[in-house]
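Protein sequences, first through last, are from chains A and B. Under this note's numbering, the first residue of the first sequence carries the number 1, and numbering increases by one thereafter. Under this note's numbering, the first residue of the second sequence carries the number 1, and numbering increases by one thereafter.
What the hints contain is simulated information worked out from the structure, not anything from laboratory work. Honestly, I wouldn't trust all of these hints.
Once the Cα atoms are required to be at most 35 Å apart in a straight line, the calculated DSBU-like pairs of lysine-lysine come out as [unchecked claim]:
no.: 1; chain 1: B; residue 1: 149; chain 2: B; residue 2: 207
no.: 2; chain 1: B; residue 1: 207; chain 2: B; residue 2: 243
no.: 3; chain 1: B; residue 1: 48; chain 2: B; residue 2: 143
no.: 4; chain 1: B; residue 1: 143; chain 2: A; residue 2: 64
no.: 5; chain 1: B; residue 1: 207; chain 2: B; residue 2: 234
no.: 6; chain 1: A; residue 1: 11; chain 2: B; residue 2: 149
Just so we're clear, the structure is a prediction, and the values are computed from it rather than from any experiment.
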Amino acid sequence: MPIKASDDPEKARRFREAALPYLNDAYTLARYLLRNAADAEDAVQECYLRAFRHFDSYRGPAMKPWLFAILRNVCRAEYARRATTPTSAIEDVPESAEQAPLWHEAEETPEAELQRRWDADTIRRLVAALAEPFRETFVLREIQNLSYREIADVAEVPVGTVMSRLARARAMLRSAWLAEEEQQK
Amino acid sequence: MTCEEAEVLLHALIDGELDAGHAHEVESHIAGCPRCAAALRDYRVMSKAIAEAGAGYTAPAALRQRIEAALPQPRPAPNRRAVLRGFAMGSAVSALAATGLVAVVLRQDDVDRIQSEVVSAHLRSLQAGHLTDVVSTDQHTVKPWFNGKLDVSPPVIDLTAQGFTLIGGRLDYVDARAIGAVVYRRRQHVINLFVSQTSSTERRAAKIETIQGFNIRHWSERGLNFWAVSDLAKDELADFGEKFESAMHAPG
């Protein structure tokens, strides 16, 4: 839906000041959720246009989680679109994934300790390989620094779910991290 | 506390989300459990490494521009009166320049600002229905359309034979002044050629720059400033500029 020319420029000015400082954060979240630069750009643009249209009724929460909640809905729509495009379908997450017990390391040897500090590209790749919804929770916490309450609001789940997803995400990332170290030896 | 419980709660400990009582319980479990202690240490290493590596992304400048362009502009679009004011002011400036008393020299940051305004104007023009005010592939229709709308009538040159199709003209607004835009197309690429008056009659050779992913070819001659803006590749935009310049120098 196009923005009407009659929209108040004063509103646009306030919106710019409030929302544009989070553009990199929004783009980062979209990149991790969609794992594709062009789709991420489209999603962020759509998010900002939607946010502007609803800016009149914005009363909180903080701007960043508010934008993220909108962005997440835009990304969900993109998932739905991809699901109907067989060639680019995202991987299915088994229903049971969330209920499965937490990862238990098979062998706990002192050698298995994390040693390496990866560069940004490696970290991005390891995080991007996490399955949804663990990736989303992980990125909101570790990269976006949202509180558990804010993550729960953005992802529309109880705080308890945020905690279990985060625990699982970190356990999976730790395994992937160790496997990467093993490969590089 | 069991390992099962600690496995979840130690994350809340890392993230500072536990109250003092629970934090104490998790810490005493960890003190007696090497396995949970190792996990906690690794998670802390991971968090620190991620924070230090900077795993975020920077939004492309073109995305910022697209969003900016889609929002209502702080400055209202030029209406008839604004265009007339631009006309009056332009005449005053050129009158002063003609006396030789004033040499208007743009500082570098002004040049940069205007270049980026030109790119914004280009982006705005790509929004639906904004590209042309007068639609015609005929230079003899487009050129007179500008008459009386601007203090200077931009040269409108048909370059269809050279591979650049004239599609129309538009009034735009750059640096708080009305400015003419002649619009060309090459394949699916739009070229906006912005033309404004300058107080200097000196010829300035073309320079190509890239701003926010768009190429801009800027040159001046015969008291006019030209900015050709497009997402065309640099060499094709240079080709456009050269064709335009040589057509301008051609007799008749």
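Results for each hint:
1. Distance restraint check for residue 149(B) and residue 207(B): the Cα-Cα separation of roughly 28 Å lies within the 35 Å cut-off, and the hinted pair is therefore satisfied.
2. Our distance criterion of 35 Å between C-alpha atoms is met by residue 207(B) and residue 243(B), whose separation comes to about 15 Å.
3. Annotation: proposed proximity of residue 48(B) to residue 143(B) is violated, straight-line Cα distance about 63 Å (limit 35 Å).
4. Between the alpha carbons of residue 143(B) and residue 64(A) the distance comes to roughly 49 Å, so the proposed pair goes past 35 Å and is violated.
5. Between residue 207(B) and residue 234(B), the direct Cα distance comes to roughly 11 Å. Compliance with the 35 Å bound is thereby established for this hinted pair.
6. Distance restraint check for residue 11(A) and residue 149(B): the Cα-Cα separation of roughly 31 Å lies within the 35 Å cut-off, and the hinted pair is therefore satisfied.
Checked against the numbered hints given earlier, this structure breaks hints 3, 4; the rest are met.
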